[in-house]
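Fit chain B to the given chain A structure using the hints.
Sequences listed follow chains A and B, in order.
Reminder that position 95 of the first sequence reads as 95 in our numbering, one-by-one numbering, no gaps.
Reminder that position 21 of the second sequence reads as 21 in our numbering, one-by-one numbering, no gaps.
Rather than coming from a laboratory, the hints here were simulated on the basis of the structure.
Just so it is clear, CB atoms sit at the ideal spot from N, CA and C, and this is done for glycine as well.
Hints may be right or wrong, so weigh each one.
[What the hints assert, rightly or not] One side only, chain B facing chain A, incomplete, derived with CB under 7 Å:
no., residue
1, 48
2, 68
3, 77
[Unchecked claim] So the derived list for chain A, only partly shown, Cβ under 10 Å to chain B, looks like this:
no., residue
4, 39
5, 69
6, 129
[Stated by the list, open to error] List time: in silico DSS-like cross-link candidates among lysine-lysine, alpha-carbon distance up to 25 Å:
no., chain 1, residue 1, chain 2, residue 2
7, B, 53, A, 177
8, A, 184, B, 29
9, A, 71, B, 79
10, A, 139, A, 92
11, A, 155, B, 53
12, B, 53, A, 135
13, A, 60, B, 105
14, B, 105, A, 64
15, B, 79, A, 19
16, A, 155, B, 19
17, B, 29, A, 177
18, A, 47, B, 69
19, A, 64, B, 79
20, B, 69, A, 49
21, B, 79, A, 75
22, B, 19, A, 177
23, B, 105, A, 71
24, A, 75, B, 69
25, A, 184, A, 135
26, A, 178, B, 29
27, A, 64, B, 69
28, A, 178, B, 53
29, B, 105, A, 19
30, B, 53, A, 47
31, B, 53, A, 139
32, B, 53, A, 75
33, B, 53, A, 128
34, A, 141, B, 53
35, A, 60, A, 49
36, A, 184, B, 19
37, A, 60, B, 69
38, B, 69, A, 19
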Amino acid sequence: MGNYSSYTDNELMQSIVDKDTRAFSELYDRYNGVLVSYFYKMLWQDKEKAQDFMQDLFTKIVEKPTSFDLKRSFKTWMFSVANNMCKNEYRKQSIRKNTSYDVEEGYQVKDTAMDAMDKLQDSQFSEKLTVELDKLEEKQKSTFVMRYFQDMSIKEIAETLDVSEGTVKSRLFYTLKKLTVSLKDFAPQLIKMLIILISIIH
Amino acid sequence: MNKKTTYKPDDIEQLLLNKSYEELSTSEKNFADSQVDSPAEYNELRATLVSIKQLAQEEEIVEVSPRIKEDLMQLMEEKANRVPWYTWNGIAAFLFPTNTPLFRKPGLQFAVMGLLLLLVVNIGLNSFDNTSNQLAINTKSEAKEPKKSIETQAEGESSFEPIAIEEIEKVVEEQKQYNNGEKSDNDIEDKIAPPPTPGMVEKVQVLDDAIDFATEENEDEIIAPIAVKDAKAKTSTLSPQPNMAKEESVVEVQRTTDSYNAVTLSEVSVPENDKSFKKKRKTVSNSQSLSEQDAVIDLLFVAL
Numbered sequence: 001m002g003n004y005s006s007y008t009d010n011e012l013m014q015s016i017v018d019k020d021t022r023a024f025s026e027l028y029d030r031y032n033g034v035l036v037s038y039f040y041k042m043l044w045q046d047k048e049k050a051q052d053f054m055q056d057l058f059t060k061i062v063e064k065p066t067s068f069d070l071k072r073s074f075k076t077w078m079f080s081v082a083n084n085m086c087k088n089e090y091r092k093q094s095i096r097k098n099t100s101y102d103v104e105e106g107y108q109v110k111d112t113a114m115d116a117m118d119k120l121q122d123s124q125f126s127e128k129l130t131v132e133l134d135k136l137e138e139k140q141k142s143t144f145v146m147r148y149f150q151d152m153s154i155k156e157i158a159e160t161l162d163v164s165e166g167t168v169k170s171r172l173f174y175t176l177k178k179l180t181v182s183l184k185d186f187a188p189q190l191i192k193m194l195i196i197l198i199s200i201i202h
Numbered sequence: 001m002n003k004k005t006t007y008k009p010d011d012i013e014q015l016l017l018n019k020s021y022e023e024l025s026t027s028e029k030n031f032a033d034s035q036v037d038s039p040a041e042y043n044e045l046r047a048t049l050v051s052i053k054q055l056a057q058e059e060e061i062v063e064v065s066p067r068i069k070e071d072l073m074q075l076m077e078e079k080a081n082r083v084p085w086y087t088w089n090g091i092a093a094f095l096f097p098t099n100t101p102l103f104r105k106p107g108l109q110f111a112v113m114g115l116l117l118l119l120v121v122n123i124g125l126n127s128f129d130n131t132s133n134q135l136a137i138n139t140k141s142e143a144k145e146p147k148k149s150i151e152t153q154a155e156g157e158s159s160f161e162p163i164a165i166e167e168i169e170k171v172v173e174e175q176k177q178y179n180n181g182e183k184s185d186n187d188i189e190d191k192i193a194p195p196p197t198p199g200m201v202e203k204v205q206v207l208d209d210a211i212d213f214a215t216e217e218n219e220d221e222i223i224a225p226i227a228v229k230d231a232k233a234k235t236s237t238l239s240p241q242p243n244m245a246k247e248e249s250v251v252e253v254q255r256t257t258d259s260y261n262a263v264t265l266s267e268v269s270v271p272e273n274d275k276s277f278k279k280k281r282k283t284v285s286n287s288q289s290l291s292e293q294d295a296v297i298d299l300l301f302v303a304l
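Just chain A, with the same shape it has in the complex (with noise of 0.2 Å):
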């Protein structure tokens, strides 16, 4: 067998096909990480939930790799196939209990025990940054999320959820729009930048 480190992802994905249990293990290794920090983001940063619904996303991939398309992009398929999972997910959540998951209760609150000032701030700005992308929409949250989280293309976003280019950069601008006047006391770039302003003046 040749290098699977050199495969794209649609031939790793025709090797499954053909049950290579190596390709599959290189399919693995390349996108664990990402999906399960794209689950902890949109999954109330719950570590467990996101390690399962990473599982299942593979499992699925295993029983029934005939299901993804060759001609498609694999990233693309793979995250809406997450995105799936997580409205499925947000659906069951808010049958079971308006917010059982709330968002306090799911975030899971970092040391703030740190002694530089700027570490306490990015600490703050983070804790209240997940509060209110937890607050958006569904649409604009994954939109958000794919975007500066998962560092896709405006296309890619695109393919992801089925919408076009200009919806998705709608999405962005009005969602960038709605976080920072919820976020404008706790900006610690314009706080930064206030600070090099005034000594800069000084």
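For chain B alone, kept in the frame of chain A given last:
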């Protein structure tokens, strides 16, 4: 501020990430002004976006348990070692290939075609052959029904059939012989009736008269025991016999009628051209039928 004429968030994102409002060129400022309400808002958006990007880069990596990979690899190996049924059969592999969607599988396509063909043929045959089908059903029902009835009768009463035929043949033969004059009344009498006892002759005469009376009234009818009763009643009122006992029960009359009806033939000797003789002949036949009425009629009925 400025009215937003264009909307290019992707472009504004690049500006926000790379330049502050002060660093923007005139054209860029014009574009930025079309997207935001004020330079302050631009800077706020920029600060938020830069912070988020920075945070995303610094974000802690969620550690994935190695157990997950082990489980998945085990599952994958199990799947790889599982031999599907269609690998044993090249035709099945052709009909149900793995890499095609369900509707493109030839097996499914053939199945649908076959089903459609079957439906079309079936509907076509039904629409053209309605009348013949109907006729076939009718003939079947007509042909079957009598067979069934005969079969059931034969099954139920097969033991009676030969007896009935024998009886009928016997009666017909006797009738022929009688008509040809081969047999006299005495022959018949000898054959059928027991020798008369002395005390019964008178009784028989009375009975004979009664039967004559009854047959005059209804010649074509077979004399039933009830009719005999009526006749007896009439005869007893019209011509009472002194030799006979006055109290004759209906049962007695009936019994004597059954036992000695044939004797009347020996007692009567009238020329053939006599009208009453004819009546009596009829009476004989009627009396014979009386004796065997139940069995013979039933058997005839069954035979027919």
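Evaluation of the provided hints:
About 4 Å separates the beta-carbon of residue 48 of chain B from the nearest beta-carbon of chain A, less than 7 Å, and the hint is met. Interface hint at residue 68 of chain B: satisfied, since its Cβ lies 5 Å from the closest Cβ of chain A, which is below the 7 Å cut-off. At its closest, the beta carbon of residue 77 of chain B sits 6 Å from a beta carbon of chain A; the interface hint therefore holds under the 7 Å criterion. Taken as an interface hint, residue 39 of chain A checks out: its beta carbon lies about 9 Å from the nearest beta carbon of chain B, inside 10 Å.
With a least beta-carbon distance of about 9 Å to chain B, the hint placing residue 69 of chain A at the interface is held under the 10 Å criterion. Of the supplied interface hints, the one on residue 129 of chain A holds, with its beta-carbon coming within about 7 Å of a beta-carbon of chain B, less than 10 Å. The hinted pair formed by residue 53 of chain B and residue 177 of chain A meets the criterion: a straight-line CA distance of about 15 Å does not exceed 25 Å. Of the supplied pair hints, the one linking residue 184 of chain A and residue 29 of chain B holds, its CA atoms being roughly 23 Å apart against a limit of 25 Å.
This hinted pair checks out: residue 71 of chain A and residue 79 of chain B have alpha carbons roughly 24 Å apart, not beyond 25 Å. Between residue 139 of chain A and residue 92 of chain A the alpha-carbon distance is near 17 Å, which keeps this suggested pair within the 25 Å criterion. With a CA separation close to 19 Å, the supplied pair residue 155 of chain A and residue 53 of chain B stays within the 25 Å bound. For the proposed pair residue 53 of chain B and residue 135 of chain A, the alpha carbon gap of about 19 Å is at most 25 Å, so the pair holds.
Our distance criterion of 25 Å between C-alpha atoms is met by residue 60 of chain A and residue 105 of chain B, whose separation comes to about 22 Å. Annotation: proposed proximity of residue 105 of chain B to residue 64 of chain A holds, straight-line Cα distance about 16 Å (limit 25 Å). This hinted pair checks out: residue 79 of chain B and residue 19 of chain A have alpha carbons roughly 7 Å apart, not beyond 25 Å. At most 25 Å may separate the alpha-carbon atoms for a hinted pair to count; residue 155 of chain A and residue 19 of chain B meet this at roughly 24 Å.
Among the hinted pairs, residue 29 of chain B with residue 177 of chain A is consistent with the structure: their alpha-carbon atoms are about 18 Å apart, no more than 25 Å. As the CA atoms of residue 47 of chain A and residue 69 of chain B are separated by approximately 16 Å, the hinted pair is consistent with the 25 Å bound. Between residue 64 of chain A and residue 79 of chain B, the direct Cα distance comes to roughly 10 Å. Compliance with the 25 Å bound is thereby established for this hinted pair. In summary, the hint linking residue 69 of chain B to residue 49 of chain A is supported, as the alpha carbons are separated by about 16 Å, within the 25 Å threshold.
With a C-alpha separation of about 23 Å, the suggested pairing of residue 79 of chain B with residue 75 of chain A holds against the 25 Å cut-off. For a cut-off of 25 Å, the pair hint linking residue 19 of chain B to residue 177 of chain A stands: about 17 Å separates their Cα positions. Of the supplied pair hints, the one linking residue 105 of chain B and residue 71 of chain A holds, its CA atoms being roughly 19 Å apart against a limit of 25 Å. Pair hint residue 75 of chain A plus residue 69 of chain B holds up; C-alpha atoms about 19 Å apart against a cutoff of 25 Å.
Of the supplied pair hints, the one linking residue 184 of chain A and residue 135 of chain A holds, its CA atoms being roughly 16 Å apart against a limit of 25 Å. With a CA separation close to 22 Å, the supplied pair residue 178 of chain A and residue 29 of chain B stays within the 25 Å bound. Our distance criterion of 25 Å between C-alpha atoms is met by residue 64 of chain A and residue 69 of chain B, whose separation comes to about 17 Å. For the given pair, residue 178 of chain A sits about 16 Å from residue 53 of chain B by alpha-carbon distance, which is consistent with the 25 Å threshold.
The straight-line distance between the Cα atoms of residue 105 of chain B and residue 19 of chain A is roughly 20 Å, inside the 25 Å bound, and the hint therefore holds. Taken as a hint, the residue 53 of chain B and residue 47 of chain A pair is honoured in the structure, with Cα atoms around 22 Å apart against an allowance of 25 Å. At roughly 20 Å between alpha-carbon atoms, residue 53 of chain B and residue 139 of chain A fall within 25 Å of each other, so this suggested pair holds. In summary, the hint linking residue 53 of chain B to residue 75 of chain A is supported, as the alpha carbons are separated by about 21 Å, within the 25 Å threshold.
Between residue 53 of chain B and residue 128 of chain A the CA atoms are separated by roughly 15 Å; this keeps the pair inside 25 Å, and the hint holds. Among the hinted pairs, residue 141 of chain A with residue 53 of chain B is consistent with the structure: their alpha-carbon atoms are about 15 Å apart, no more than 25 Å. A threshold of 25 Å between alpha carbons decides the hint, and for residue 60 of chain A with residue 49 of chain A the separation of about 17 Å falls inside it, so the pair holds. About 19 Å separates the Cα atoms of residue 184 of chain A and residue 19 of chain B, which keeps this hinted pair within 25 Å; it holds.
Between residue 60 of chain A and residue 69 of chain B the CA atoms are separated by roughly 14 Å; this keeps the pair inside 25 Å, and the hint holds. A C-alpha spacing of about 16 Å is found between residue 69 of chain B and residue 19 of chain A, which places the hinted pair at or below 25 Å, so the restraint holds.
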